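Trainee: Sequence:
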Amino acid sequence: MKSIEIKILGRTYYFRSDEPEKLRKTAEYVENQLEKLNERFNTVDQNKLLVLYAISMTEKYISENDDYKNLSEKLEQINNLLDNIEISEK
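Sequence positions in the sequence shown follow the working numbering and run 616 to 705.
Derived by calculation from the structure, the hints in this document are not laboratory data. Be aware that a few hints might be false.
Unchecked claim - Distance windows between CB atoms, simulated: (1) Ala669 x Arg639: 30 to 36 angstroms; (2) Asn699 x Tyr629: 52 to 58 angstroms; (3) Asn680 x Glu646: 21 to 27 angstroms; (4) Asn699 x Gly625: 19 to 25 angstroms; (5) Ser671 x Tyr628: 39 to 45 angstroms; (6) Thr627 x Gln692: 48 to 54 angstroms; (7) Lys640 x Ser671: 41 to 47 angstroms; (8) Glu701 x Leu624: 53 to 59 angstroms; (9) Met616 x Val659: 46 to 52 angstroms.
None of the values given here were measured: they were computed from a predicted structure. The beta carbon of each residue, even a glycine, is placed where N, CA and C say it ideally should be.
Put together the whole structure using the sequences plus the hints.
Mentor: See below:
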């Protein structure tokens, strides 16, 4: 595991990771999203900013998870139809 230094909102954090580039990309994404939220809501309170970010990311996660469930159900329906077609052909 490699030790990595990450800066977010001016603070330095140290992480250990087997995938340092992935962690750096993630930290860069977080920093960019926090900057966007800060511009949008014009807040200097880092706690408020982090709460806004947590809510925003959770909302995205729930939406993506719902989409995934819907797609999984549709895929299962398609597979059932294909199974029925194969049975009919025999």
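Trainee: Each hint should be assessed against the structure and marked as holding or not.
Mentor: Quick rundown of the hints versus the structure:
1. At about 21 angstroms, the beta-carbon gap between Ala669 and Arg639 misses the expected band of 30 to 36 angstroms.
2. Judged by the Cβ atoms, the range 52 to 58 angstroms given for Asn699 and Tyr629 holds: they are separated by roughly 56 angstroms.
3. Here the CB-CB span from Asn680 to Glu646 is close to 25 angstroms, well matched to the stated 21 to 27 angstroms.
4. The given range of 19 to 25 angstroms is broken by Asn699 and Gly625, whose C-beta atoms sit roughly 60 angstroms from each other.
5. For the pair Ser671 and Tyr628, the supplied restraint of 39 to 45 angstroms is violated, since their beta-carbon distance comes to about 20 angstroms.
6. Here the CB-CB span from Thr627 to Gln692 is close to 50 angstroms, well matched to the stated 48 to 54 angstroms.
7. Here the CB-CB span from Lys640 to Ser671 is close to 18 angstroms, at odds with the stated 41 to 47 angstroms.
8. Taken as a hint, the range 53 to 59 angstroms holds for the pair Glu701 and Leu624, whose Cβ atoms sit roughly 56 angstroms apart.
9. In this structure the hint that Met616 and Val659 lie 46 to 52 angstroms apart at CB is violated, the actual value being about 35 angstroms.
When held up to the earlier numbered hints, the structure conflicts with 1, 4, 5, 7 and 9 and fits the remainder.
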